[in-house]
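Residue numbers (our numbering), protein chains in the order written: chain B, 974 to 1308; chain H, 2 to 289; chain V, 10 to 301.
It should be emphasised that the hints constitute simulated quantities derived from the structure, not laboratory data. Quantities reported herein were computed from a predicted structural model and do not represent experimental measurements. Keep in mind that the hints are not guaranteed to be accurate.
Computed spacing ranges between beta-carbons, pair by pair [what the hints assert, rightly or not]:
(1) H/M174 <-> V/Q163: 29 to 39 Å
(2) B/R1306 <-> V/Q135: 19 to 29 Å
(3) H/M174 <-> B/S1044: 37 to 47 Å
(4) B/L1296 <-> H/L33: 36 to 46 Å
(5) B/W1097 <-> V/G35: 27 to 37 Å
(6) H/M174 <-> B/S1147: 27 to 37 Å
(7) B/G1256 <-> H/G149: 45 to 55 Å
(8) H/E178 <-> V/Q287: 35 to 45 Å
(9) B/L1305 <-> V/E139: 28 to 38 Å
Simulated crosslink set (DSSO-like; lysine-lysine; CA at most 27 Å straight-line) [said to hold, decoys possible]:
(10) H/K177 <-> H/K280
(11) B/K1219 <-> V/K142
(12) V/K211 <-> V/K149
(13) V/K116 <-> B/K1219
(14) V/K229 <-> V/K247
(15) V/K149 <-> V/K120
(16) B/K1093 <-> B/K1219
(17) V/K211 <-> V/K142
(18) V/K142 <-> V/K120
(19) B/K1219 <-> V/K120
(20) V/K142 <-> V/K131
(21) V/K229 <-> B/K1093
(22) B/K1093 <-> H/K118
(23) V/K142 <-> B/K1093
(24) V/K142 <-> V/K116
(25) V/K131 <-> V/K120
(26) V/K116 <-> V/K131
(27) V/K149 <-> V/K229
(28) H/K118 <-> H/K177
(29) V/K149 <-> B/K1219
(30) V/K149 <-> V/K116
Even glycine gets a Cβ: it sits at the ideal position worked out from N, Cα and C.
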Amino acid sequence: MSYPYLINRLLLALPTLAGAVTITFILLRVVPGDPIAMMTGPGATEADIAQLRAHYGLDQSIAHQFVIYLSQLITGDLGTSISLRQNVGELIAGRLPVTIELVVIAMLIAVGFALILALKGTFWRGRWPERLVDGFIGVTVAIPDFLWALSLILILGVAIPIMPIFGRMDLTISFDSWTNFYLTESLLRGRFEVTRSVLYHMVLPAVSLALPLMAITARVLKSCLNAEMNREYVTLARTQGFGRLKVIYSQALRNALVPATALSGVQFTFLIGGTVLVERIFGYPGIGNMAIDAVINRDLPLIQGLVLTFAILFILVNLLIDLFITFLDPRLRHV
Amino acid sequence: MSDGRADLPLTYRIVHEPRALFGLCVLGLMFLAAVLAPWLSPHDPLEQDLLSSFLPPSWKENGDPVFFLGTDNLGRDIASRLIYGARTALIVALIAATMAALLGTVLGMLAGFYGGKTDMLISRAVDIWMSFPAVLLSIVLVAVMGAGLHAVIIAIVIIDWTRFCRVIRAETMVQKERDYVSSAVTIGLTRVRILFQEVFPNLVPLLIVLLTLEMGIAIVVETILSFVGLSVASDTPTWGNLIQEGRQYIHQAPWLLGLPVACVVMAVLGLNALGDGIKEVIDPETRQ
Amino acid sequence: MTSALVVHDLHLAVRNGQVLLPILRGINLNLPQGEIHGLVGESGAGKTMLGRVILDILPPSAVITSGNVDYPAHRSSPSLNRKSAHRRRPHISLIPQDPLTSLNPVKRIGKQMGEILRLAHKDSSQQIHERAKQHLREVKIRNPGQVLQQYPHQLSGGMRQRVLIAMAFSTEPSIIIADEPTTALDVSVQQRVLRLIRDLQKERGTTILFVTHDLGVVAKLCDRVSLMHSGMILEQGKVSDVFQSPSHPYTRSLLEAIPRYDKPREKLSPVANDLQTQLIREADEYDRQRRV
Ligand SMILES: Nc1ncnc2c1ncn2[C@@H]1O[C@H](COP(=O)(O)OP(=O)(O)OP(=O)(O)O)[C@@H](O)[C@H]1O
Ligand SMILES: [Mg+2]
């Protein structure tokens, strides 16, 4: 894994990013509907609307607007939010840590349980517990994170009220964070009551996000493991005195992870997209929640900035997944 | 495994696949509810009865058998609202999924069949599309177009054509290498004719599976947009609107949230099971 | 001499839906200790399946319908394993056919050998490393230190097969199943690998069941030979006897099919079609009679 490779990969991502930026920009302006008219409501006069339009540069041609937007973007300026009257970059930077911590925990949960399910399912190959695992995966995979969130609220928040269903942590605890990475920071600063509260509040949103990813990853990994179990090196390992479980996790697993990661990589980006609704449902103060507010307020610069942020996150996740695959498979390293 | 049954008609085998059967039942129920809504609903879904607001389902304490599944904050009948909600869900699912399938399939077939520049262009577009958070994109689209059922449908089509495009492209590339294509070339059929007359029929089974799955997704997207307040007018009974309203009274009247969530979950599970079941039945054929 | 391996009237079938397809039909084998026994037969005869029964690595769909496998020379505590037809078995190694797919592609050779050695020895990593080196030297690998650092895809086919042979012998097995160990190699490498297996076998007195298509190899390497077709053994005996006076027409046709430089012939006659049909009909007849 060399630097040239990394740089190459990043350069390859640039056109995708440029495409994402352009398309959002055009979509927001070409699709029928007038954001300014919606922003001002029915009471506004023609003159008011024209003035506002000029203020946000919306009276220029689309091409002209785009050039201005791009030239600002290159200097790192994402513009000013219409509804919050703050710098978009700063706004997003403040909320991003919240989402990142949630997403990382959700991914860990998803991957951890996916591994357990896939390994157990493979271990029970051809016996009835395997069907149980398959059935569980089949039901879990069909239900999107949004419905999981609502169901979990109903079950663990209302029917058996043992879990908090709103916010990032107990409001009674005061914690002025420097970085907004509550989880990491509270651990480092030894404020474990904060850690506990943050984790506790994170359970339901993180599990809602994790379940679909867990199911799809488990399904893909299990079928890759099954294919791997029929390979000759596994047969050979079975004659060499390794136990059944050991053959699976120390011989087949790593090989199965290569195609499984490649196949389920996209799903990791879906999890990030899922934060939009899940954060909304749980009142979680991340960029997903912010995105819905931005849309409701027709805050074009903020929407634009958030879509860009999501696109960058997606591309980074894809990059990490590619790196992970090259790390796993020595045959890919020296090409 | 199914070689003994391969000669039986496809419909017979689909009906005898347990998952597909379950899915068909769910879909059938939704159809019935959608078509017969005016006759099936015990009440007018919009009729308010403030004297009997927040009634629990009839089997619970204080329940009123007239309002079988209870009433909401304005005393509207939940059962009737759910039945009418099925109508919206089904309309969106059918129209949006079909249109997304149409767009995605044509582009996917072109990319897979012609390769080269066409393929590069379309595949690149798919890549870019996939780098958006789909949910956010749909919300943005509907916000800009203005709320309403047509906007919801357009948003679903604009976002989800890529699902069809990717899969159909790959399958077209596989089909292209088959013997029947080269023999069609040798007897001098034009490329367009080969693509649509010879290759397309072989894509149909796969397309049906994708379409079924997409209907489930469309129902969820509609629910999500209603939930965010961007679908049809908020007093129209859709499952998403019911969920949105129910969420405000979650401790007071949890059934207001629970019942529509259960409906959406059933619909999604059913459509998924149907897709999986059909795939299971036709898979040996597509593999040959 | 005591037998290392006795297979007694072994019947095996594969479950396909509701039906059981017979694969092995009454196999009898008796391998004296320290002998190399050739197992010859065309593709699909069931040679690999027989090997898998002996190694106790049957696929989930395979069922042993009757018969058993025994190890008289190793009969310490005869506890019958419920799921397989085995008495308590000694360590049996496998030398597989395909050297590329039989090594774990994502692990260095040193790691793979180390894992096997660690099962048998409670040594430090340093000692394990030395052992692995030693085993590689025994299979005439000149730069064992370097090979241990490499991944399978970085080795040549012949090297990989040597590594696999080293692995097979490293557990000091009393029996080795060699399933066409040279088929994937080119001819000059084949000779060297065969010599290697024979030398190691002589040195340690290992019993080997040697599966092959090549009657020439049998003639050079084996003490006894069994000829298989459709899951049945058609002919069995000392190699010299079988080659000089084959009793079954199938054996005769196989021997005639060996190209010989001293006796050039106009055309190569593969095993005649009607003989094939005859043999398959006999197998069907066998199944029918067994069922009644
Ligand atoms: N996993 C399996 N499941 C079902 N049937 C199998 C399986 N493995 C092998 N068979 C069947 O068992 C029979 C014997 O196969 P086997 O691999 O033992 O043949 P072989 O003599 O080793 O052939 P070759 O010389 O090609 O290696 C074949 O008819 C094959 O189709
Ligand atoms: Mg074989």
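To see whether the hints hold, each was checked on the structure:
{"no.": "1", "hint": "H/M174 <-> V/Q163: 29 to 39 Å", "in the structure": "33 Å, holds"}
{"no.": "2", "hint": "B/R1306 <-> V/Q135: 19 to 29 Å", "in the structure": "27 Å, holds"}
{"no.": "3", "hint": "H/M174 <-> B/S1044: 37 to 47 Å", "in the structure": "41 Å, holds"}
{"no.": "4", "hint": "B/L1296 <-> H/L33: 36 to 46 Å", "in the structure": "52 Å, violated"}
{"no.": "5", "hint": "B/W1097 <-> V/G35: 27 to 37 Å", "in the structure": "33 Å, holds"}
{"no.": "6", "hint": "H/M174 <-> B/S1147: 27 to 37 Å", "in the structure": "60 Å, violated"}
{"no.": "7", "hint": "B/G1256 <-> H/G149: 45 to 55 Å", "in the structure": "27 Å, violated"}
{"no.": "8", "hint": "H/E178 <-> V/Q287: 35 to 45 Å", "in the structure": "40 Å, holds"}
{"no.": "9", "hint": "B/L1305 <-> V/E139: 28 to 38 Å", "in the structure": "32 Å, holds"}
{"no.": "10", "hint": "H/K177 <-> H/K280", "in the structure": "21 Å, holds"}
{"no.": "11", "hint": "B/K1219 <-> V/K142", "in the structure": "24 Å, holds"}
{"no.": "12", "hint": "V/K211 <-> V/K149", "in the structure": "16 Å, holds"}
{"no.": "13", "hint": "V/K116 <-> B/K1219", "in the structure": "15 Å, holds"}
{"no.": "14", "hint": "V/K229 <-> V/K247", "in the structure": "12 Å, holds"}
{"no.": "15", "hint": "V/K149 <-> V/K120", "in the structure": "20 Å, holds"}
{"no.": "16", "hint": "B/K1093 <-> B/K1219", "in the structure": "12 Å, holds"}
{"no.": "17", "hint": "V/K211 <-> V/K142", "in the structure": "21 Å, holds"}
{"no.": "18", "hint": "V/K142 <-> V/K120", "in the structure": "12 Å, holds"}
{"no.": "19", "hint": "B/K1219 <-> V/K120", "in the structure": "15 Å, holds"}
{"no.": "20", "hint": "V/K142 <-> V/K131", "in the structure": "17 Å, holds"}
{"no.": "21", "hint": "V/K229 <-> B/K1093", "in the structure": "48 Å, violated"}
{"no.": "22", "hint": "B/K1093 <-> H/K118", "in the structure": "45 Å, violated"}
{"no.": "23", "hint": "V/K142 <-> B/K1093", "in the structure": "36 Å, violated"}
{"no.": "24", "hint": "V/K142 <-> V/K116", "in the structure": "17 Å, holds"}
{"no.": "25", "hint": "V/K131 <-> V/K120", "in the structure": "16 Å, holds"}
{"no.": "26", "hint": "V/K116 <-> V/K131", "in the structure": "21 Å, holds"}
{"no.": "27", "hint": "V/K149 <-> V/K229", "in the structure": "21 Å, holds"}
{"no.": "28", "hint": "H/K118 <-> H/K177", "in the structure": "17 Å, holds"}
{"no.": "29", "hint": "V/K149 <-> B/K1219", "in the structure": "31 Å, violated"}
{"no.": "30", "hint": "V/K149 <-> V/K116", "in the structure": "22 Å, holds"}
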